[in-house]
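Enquirer: Sequences and hints are given; from them, build the entire structure.
Numbers 1180 to 1746, taken from my numbering, label the letters of the first sequence in order.
Honestly, the hints are just simulated from the structure, not real lab data. All figures in this text were calculated on a predicted structure; none of them were measured in a lab. Every residue gets a Cβ at the ideal spot worked out from N, C-alpha and C, and that includes glycine. Be careful, since some hints might not be right.
Using 25 Å as the maximum straight-line C-alpha spacing, the simulated BS3-like pairs for lysine-lysine come out as follows [claimed, not checked]:
1. K1184 to K1696
2. K1276 to K1317
3. K1583 to K1325
4. K1711 to K1696
Cβ-Cβ distance ranges computed for the label pairs, FRET-style [to be verified]:
5. E1192 to P1500: 21 to 31 Å
6. G1669 to T1574: 31 to 41 Å
7. T1443 to H1499: 14 to 24 Å
8. A1346 to G1679: 17 to 27 Å
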Amino acid sequence: MLWSKLFIPTLRENPAEAEVVSHQLLLRAGYVRQLAAGIYSYLFLAQRSLNKIIAIVREEMDAIGGQEMLLPALHPAELWQESGRWDVMGANLFHVKDRFQRDLCLGMTHEEVMTSIARGELRSYKQLPQIWYQIQTKFRDEPRPKSGLLRVRQFIMKDSYTFDLDAAGLDIAYDKHHQAYCRIFDRCGLSYVTVEAHSGAMGGSQSHEFMIASDAGEDYVAVCAQCGYAANLEKAVSRATAAATADPEGDLTPEKFQTPGRKTIAEVAEFTGLPESSQIKSLAMVADGKPVLALLRGDHQLSETKFAAAMGAQEIRPAHPAEMQTWLGAAAGSLGPVGVTGMPVIADAALQGRRNLICGANEDDYHLRHVTPGEDFQAQCHDLRQVAAGDTCATCGAPLEVRKTIELGHIFKLGYKYSDSMGLRVLDAGGKEARVIMGSYGIGIERILAAAIEQHHDKDGMTLPAPIAPFTVVVTPVNSAEAAQREAAGRIYRECLAAGLDALLDDRDERPGVKFKDADLIGIPFRITVGKKLAGGMVELVTRRDKQSRDVPVGEAAAAVAGLAHA
RNA sequence: CGGGGCGUAGCGCAGCCUGGUAGCGCACCUGCCUUGGGCGCAGGGGGUCGGGCGUUCAAAUCGCCCCGCCCCGACCA
1180 MLWSKLFIPT
1190 LRENPAEAEV
1200 VSHQLLLRAG
1210 YVRQLAAGIY
1220 SYLFLAQRSL
1230 NKIIAIVREE
1240 MDAIGGQEML
1250 LPALHPAELW
1260 QESGRWDVMG
1270 ANLFHVKDRF
1280 QRDLCLGMTH
1290 EEVMTSIARG
1300 ELRSYKQLPQ
1310 IWYQIQTKFR
1320 DEPRPKSGLL
1330 RVRQFIMKDS
1340 YTFDLDAAGL
1350 DIAYDKHHQA
1360 YCRIFDRCGL
1370 SYVTVEAHSG
1380 AMGGSQSHEF
1390 MIASDAGEDY
1400 VAVCAQCGYA
1410 ANLEKAVSRA
1420 TAAATADPEG
1430 DLTPEKFQTP
1440 GRKTIAEVAE
1450 FTGLPESSQI
1460 KSLAMVADGK
1470 PVLALLRGDH
1480 QLSETKFAAA
1490 MGAQEIRPAH
1500 PAEMQTWLGA
1510 AAGSLGPVGV
1520 TGMPVIADAA
1530 LQGRRNLICG
1540 ANEDDYHLRH
1550 VTPGEDFQAQ
1560 CHDLRQVAAG
1570 DTCATCGAPL
1580 EVRKTIELGH
1590 IFKLGYKYSD
1600 SMGLRVLDAG
1610 GKEARVIMGS
1620 YGIGIERILA
1630 AAIEQHHDKD
1640 GMTLPAPIAP
1650 FTVVVTPVNS
1660 AEAAQREAAG
1670 RIYRECLAAG
1680 LDALLDDRDE
1690 RPGVKFKDAD
1700 LIGIPFRITV
1710 GKKLAGGMVE
1720 LVTRRDKQSR
1730 DVPVGEAAAA
1740 VAGLAHA
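Expert: See below:
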């Protein structure tokens, strides 16, 4: 295409509202414009890039037997009420009313619609398994859209849904998706990690997330470089580092001592001269409206996800100061488990086997020493601790890293949640009704683009992987006033097209600097510069990533790019 | 939803404190010039100063209310 005819509104400066790199570059390079918070228009360049990403996703989904469909974005409320998610999703679901005041919503995923199709049509085990997918716009009323395309209210997702007769069938479908996702992210030029994930409100027995490391992300994952263990921090397990000081021996009796003004673990550690790991951290929590005391080693953090799971609770929160005073008789900083009745006490596994520790006395400005779990108080034991960097891997013992990541894809074994609640059953070989087991598998299309930019950029702009760049090569005559350069550039451009390359001819009447800067900014992987060396029959082939330039004969330029692009 | 910041030309900003004809840079248009990293000269177009109400002879500027956007937190298959 001819650049002079295209709408590529590049900006010289960064728009003030953009914070993360991908957002800044998407705006500067003229890929997107914002319409409202979390709602973007995808201009020409973004659309080309997204189309390439979608084509890759589609090919890989088709390769595992997926059947593409196009489903409604508008869903009747009844559908979501059947599955129970109308209430569960609450305000995150975009609600709409039609002219007759009927409730509808804009679909944030399509489990309900897919299941409603399946239950009307799938009758026999012979029709299973099925893999159905769709690539389309979804909506979420995010409480806080942010970071450009990374957290938005309207976005394109590839979602697929599988229907199987039994768990073994689901395992196969799940595995196929796992492998397809690896191929998709590989082809998009992303380096990613697959992590065990928390299934959250989706339920189900197993789920994995596909993450790429980035400071722009919002999820943390724990990764073991040695054995490959990787899990979302919500779910990760590890062996805690040893306590900094050995516990005092002996069967000592709890003893109250004064700790005036010492509220935090760190203050008490300093006051007593004993490390934080010699204390019991006592957190007054409220799980589904009921008080609970959660105990951890002093230097450990509570994982709210694990805590909620241990309590079987939907909603958890820290107790308010007044509640602590009523239930325990002291303020945060002086709480402890000794003598607590009337509320469950649960303790993290790292407290097991410890002796003679320090904890709050449930009296302001007092603590207890010589407190031994199991003797001086009783508590249910659970894994409650959030993994921290430096913990050792539970599998192999190597130190774990914690990385900030962006979630690009998530695969779930759903189980029977939707087929049961919405009545999807088929007849099995024996003629009896059988339940259908489902899986669901999502990929955020825009997130692939944003993540690729986060991962591939430099001071001049994007350095996109060729398979997802909007164009593969740009042909740039340095001085378009010179007929020889103009003609040679045009010829090379046509040869590129003939070679099957996505080529762009920068025929604008601009100074060379402008053309180079723009090409760098929008991240075209290859540039053929037609300039002075044309007199000697040569042009320059520049690769965007490493800025390496080499001279090639005019007649071989297109073939040279084709060779590199398909390498 | 809590905390913070911002809203003046397409983009980046000054002006506001101390009320008095709305400015700068970039971008854009015309002409000349120039052509290997966002060139130079000359001329020009473009503004409900986020919105409403109020104070005042007079409001971008002061007061009140509202809206929008960004950041932190809460939230987040």
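Enquirer: Does each hint hold? Answer for all of them.
Expert: Results of checking the hints against the structure:
1. Taking the CA atoms of K1184 and K1696, the gap is near 18 Å; set against the 25 Å cutoff, the hint holds.
2. At roughly 18 Å between alpha-carbon atoms, K1276 and K1317 fall within 25 Å of each other, so this suggested pair holds.
3. Restraint check: the Cα-Cα separation between K1583 and K1325 comes to about 16 Å, which is no more than 25 Å; the hinted pair holds.
4. The suggested pairing of K1711 with K1696 holds, with an alpha-carbon distance near 19 Å, which does not exceed 25 Å.
5. Between E1192 and P1500 the beta carbons are some 48 Å apart, a value that contradicts the proposed interval 21 to 31 Å.
6. Separation of G1669 from T1574 is about 60 Å and departs from the stated range, judged on CB atoms against 31 to 41 Å.
7. Separated by about 19 Å at the C-beta atoms, T1443 and H1499 satisfy the suggested range of 14 to 24 Å.
8. Judged by the Cβ atoms, the range 17 to 27 Å given for A1346 and G1679 is violated: they are separated by roughly 45 Å.
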